[in-house]
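Fit chains B, C and D to the supplied structure of chain A, relying on the hints for placement.
Residue numbers (numbering that gives the first Met the number 0), protein chains in the order written: chain A, 0 to 138; chain B, 0 to 138; chain C, 0 to 138; chain D, 0 to 138.
These aren't lab readings, by the way, just hints derived from the structure by calculation. None of the hints are false.
Intra- or inter-copy, both count: the list cannot distinguish identical chains.
Here are the computed lysine to any residue pairs in the SDA-like style, where the Cα-Cα straight-line distance is at most 20 Å:
| hint | residue 1 | residue 2 |
| --- | --- | --- |
| 1 | 72 | 27 |
| 2 | 72 | 32 |
| 3 | 112 | 23 |
| 4 | 111 | 121 |
Listed below are the residues making up each chain.
4 protein chains.
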Amino acid sequence: MSELSRIGVAIDSDLLGKFDELIEKRGYTNRSEAFRDLIRDRLVHQDWESPDRQVVGTVTLVYDHHVRMLSEKLTDLQHDFHRSILSTLHVHLDHDNCLEVLVVRGKAAVVKKISDALISTKGVKHGQLTITTSGAGLA
Amino acid sequence: MSELSRIGVAIDSDLLGKFDELIEKRGYTNRSEAFRDLIRDRLVHQDWESPDRQVVGTVTLVYDHHVRMLSEKLTDLQHDFHRSILSTLHVHLDHDNCLEVLVVRGKAAVVKKISDALISTKGVKHGQLTITTSGAGLA
Amino acid sequence: MSELSRIGVAIDSDLLGKFDELIEKRGYTNRSEAFRDLIRDRLVHQDWESPDRQVVGTVTLVYDHHVRMLSEKLTDLQHDFHRSILSTLHVHLDHDNCLEVLVVRGKAAVVKKISDALISTKGVKHGQLTITTSGAGLA
Amino acid sequence: MSELSRIGVAIDSDLLGKFDELIEKRGYTNRSEAFRDLIRDRLVHQDWESPDRQVVGTVTLVYDHHVRMLSEKLTDLQHDFHRSILSTLHVHLDHDNCLEVLVVRGKAAVVKKISDALISTKGVKHGQLTITTSGAGLA
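Pulled out of the complex, with its shape left as it was, chain A reads as follows:
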């Protein structure tokens, strides 16, 4: 962790008042932390725009495990990319529906490819790629 800078930001008082209201509603107790979160979110999105940048993402899948051969297909696919898939969480939502979350690390383009392959599998009801960060270099 590098040292801390303390910068001054000029903001119209009305605007600042509205921002303080907004972040209080979101649960922030500290204005600097809210600013840092705004910044980090922009940086994470920027990273994902470069296909070769190392990123971390999660893939969330909801599917009916009764669909014939679906679990097998999803498992096979995951093994094709086992080097990039760090871990998986499985939740039994009800008698039929499963939710699976995969944590995937790799180049942005590869993570997207893995996500596309899983989400497009027949029987997956809903799939979503969430972009986040390895945290490294993001103080």
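Frame of chain A, contents of chains B, C and D only:
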């Protein structure tokens, strides 16, 4: 315009360096301005979450003016909501395609309804609602 | 315009019922049109992922025209890119606030650059790039 | 699972060709499945617009476990909402950084509140709420 506040924000130096790079690439010459833009963008999005809040939006439509009765339908629809539609811009993109941008002001729910009605009209190739602000109270 | 294909789509009846409800609420009178809109929206987003693809977008700016030299700066910037900016609409929102919408055509990367330059200008309260299409080749 | 409907959709041949290209690139082997995914994604988003609707989401957090008391705070928060948090996955990304994914079920407004509380905690570098579905009633 209310008076200016000058606040201090504590940021890890590495994080600040990355933010400065990002905003320079985006064309900012002033760090405070970049912070204010981040704040205002969040506030605008918050306004649109309340159906009764007064907002301003633009509706962008691309369509083929050769589609029978399409221009008439779009014009009729706009007249149904003439009190909310402040102004319209029309561009002839090529021999067939038109782009129209409408500036709409009203309650968030009404602006969305107008946008839905226009975008769902048969013959409209692409439609998009852009959320923005009246600027009032947003210093 | 090329000829019309008629394809069959297999959908679970419950899912279809929910889709029909959703599109009715949005104003669609025709299910095929709703499907085509879903498709076209995906294609437009795909185009914008390739920096060299020809696209059309609109840039929406809200600003206070009392800010010193702001109108001049925005006009200067626009003239730097006059070949790409097809047209502009200006609305006087209230005593202080202006809304300006620009229709911009060019390579995706250039349109983004123009948008960044305008939105980052000091005094612009809110700016938004809306991605759309020239309509060409999008039946 | 309800019975299957087979509906006809009229699409311009050029547009269909482009759609087929797009979905092939995404890994779909079946056009109906691509259509169903488009539909389901819209329905999931619609559910999340109603604060009282029962939904399922995942919250992804990246944080440095060296930050004093952070793990404790996150755990405390999670216990406040233990009825809604179905399961949690933890990955050690590197020496410093942890990634945690929580599967949360409840009313849309409650799931958002839990997500806000976790993401706004000081020391969380990046947080993201992913909206998905319980799968029930979504064939």
